[in-house]
Amino acid sequence: MEIFLAVVVLAACVLGIVFGATYYLNRVVDENGRKP
Amino acid sequence: MHLIPQSWSHLHMLVSVFPSVGLVFILGLYVTALIVDNKVMKLSCLALFAALAVLAVPTYVSGDHSMTVLSQNPKISQDAMSVHLGWGVVSLALLVVTGVAALITLWRGWGVKHVSENALHLVLGLAIVTLGLMVIVDELGFDISHHELQLDAATQKTSQIWSHVHMILNHFPTVGLVFALCFYLIALVADNVVMKRTSLVLFVICAILGIPTYVTGNASMWALTDPEIPGISKAVINAHRDMALVTLFGLAFTGVTAWIELWRYRHLGRFSNRSLYLVLTFAIITLGVMAETRHRGGQINHPEIRVATDILPSDPTAGWSANIELLINNVLWFVPWQTVHFFGFSLIFGTALVVSLRVLGFWKSVPFSAVHRLLPLGVFGVVMNVFSGMLILQADSFRYLNEITFVPKIAFITIGAIAVLYFSVAERLWTVKAGEDAPMSAKWVAALVLISWAGVIMGGRLLPYV
Chain L
16 MEIFLAVVVL
26 AACVLGIVFG
36 ATYYLNRVVD
46 ENGRKP
Chain C
15 MHLIPQSWSH
25 LHMLVSVFPS
35 VGLVFILGLY
45 VTALIVDNKV
55 MKLSCLALFA
65 ALAVLAVPTY
75 VSGDHSMTVL
85 SQNPKISQDA
95 MSVHLGWGVV
105 SLALLVVTGV
115 AALITLWRGW
125 GVKHVSENAL
135 HLVLGLAIVT
145 LGLMVIVDEL
155 GFDISHHELQ
165 LDAATQKTSQ
175 IWSHVHMILN
185 HFPTVGLVFA
195 LCFYLIALVA
205 DNVVMKRTSL
215 VLFVICAILG
225 IPTYVTGNAS
235 MWALTDPEIP
245 GISKAVINAH
255 RDMALVTLFG
265 LAFTGVTAWI
275 ELWRYRHLGR
285 FSNRSLYLVL
295 TFAIITLGVM
305 AETRHRGGQI
315 NHPEIRVATD
325 ILPSDPTAGW
335 SANIELLINN
345 VLWFVPWQTV
355 HFFGFSLIFG
365 TALVVSLRVL
375 GFWKSVPFSA
385 VHRLLPLGVF
395 GVVMNVFSGM
405 LILQADSFRY
415 LNEITFVPKI
425 AFITIGAIAV
435 LYFSVAERLW
445 TVKAGEDAPM
455 SAKWVAALVL
465 ISWAGVIMGG
475 RLLPYV
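Heads up: the protein sequence lines correspond to chains L and C, in order.
Under the working numbering, the first residue of the first sequence carries the number 16, and numbering increases by one thereafter.
Under the working numbering, the first residue of the second sequence carries the number 15, and numbering increases by one thereafter.
Same shape as in the complex, but just chain L (with noise of 0.2 Å):
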């Protein structure tokens, strides 16, 4: 139970950390961003 926890709680504040970093990056891009 505390592996299945420690995985659970790891893996969704690593993969939270780099899904909201790529969010912002690219809400940036989408609100100034330019055509290519």
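Hints in this document: simulated from the structure, not taken from any laboratory.
Wrong hints could be hidden among the right ones.
[Claimed, not checked] Short derived list, chain C residues pointing at chain L, Cβ under 10 Å:
#1 V126
#2 V129
#3 F285
[Stated by the list, open to error] Reference excerpt, derived from the structure (chain C facing chain L, CB under 8 Å, subset only):
#4 I274
#5 T353
#6 V354
#7 P390
Predicted, not measured: the structure shown is a model, and the values here were computed from it.
Beta carbons are placed, not taken as given, at the ideal position from N, Cα and C, and that holds for glycine.
With chain L held as given, fit chain C onto it using these hints.
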């Protein structure tokens, strides 16, 4: 620990790596400047060649005085020092000639519209020949005090090739960061976009090279301590490892912020000054930590640079690295980090697959700029896996490092990560619109990216079984 050299040997070790490793980086920048035909960048490189030539003086003087001191040491071969000196004098003389040629070209090119192509090519040729000679000189220099490289391979559990590669490789992210910083500062002052982008690329490359440097350092630890080599202390190595871990994180922060700025520039067409200065801050902090790491590394196998006031660590169980080894061997730590590592692989390979397949000709209705927006997911995946991978490595580094598929795995990570940079710097690829085919050069890079990351996954999965 003293960072300021207090002996000729110490000064020689410190200064002698700059001309050779510096030449690699400046040559890279110079070739880029010639290809993109950027005058400010060409002149900056010429100035850097001239600055390198000045280093020939302290390199020679410190080397000459070191010889006098080391000739009284019975463990040091006089022949090895004489051969190193002979080749060293020739290469330094050629470095000075390169510097003078660069200075003359710089002086003649200043204020005129076009710099002479012949003069630029002459400097290029001289620099390449000098670099070739310096590679020989560096190898001969290693032979003087690194006797572990001559140990009988049959008696070694971990190959001394690791130590040799680590000695070569560690200079690239470290000295490279110094040159990247110099170039970056010139770029910020000159407000030159090409130079800014090139410096950011250099920061990313230094960060990527930090990975094989850290891994080869771990392997060198085993090669130097199991079986034990007289005069080499595990506690001193651990002190170096601790600082190397901090350096790796510093490089990761610098590299990722630099890459994000390259990626954002593609889409926004301008830099954010705040981000540029953030990269500068990370790079300066990392350089400071790195200086201490290098110094601690030098203490491992160079008793000649130690001074009476140095207090070397004596407890091999002290420090962060030794404690991380204990912690990560606990299943409650190992399994979650391994899970994160697998998620990281999924992100990297998924992103690399989509972007590479578009470049190779799939989904032509999607412009390249659209798939380029996915790249941060893959790059953050790389960061996740460098962090989790380094932790997992500590759980059983002797076994991992001596597995046959570990070397190709690390080589593929380095190649694959550097190749991905191409997607954010290539000009022609960026303009590939919906329905258009990517240039052939981009397709080769895309294939390399796919092969590399597939190789990383296979190399990692085969670790326990081959």
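So, going through the hints one by one against the coordinates:
no., hint, in the structure
1, V126, "violated (35 Å)"
2, V129, "violated (32 Å)"
3, F285, "violated (12 Å)"
4, I274, "holds (7 Å)"
5, T353, "holds (5 Å)"
6, V354, "holds (5 Å)"
7, P390, "holds (5 Å)"
Checked against the numbered hints given earlier, the structure breaks hints 1, 2 and 3 and satisfies all the rest.
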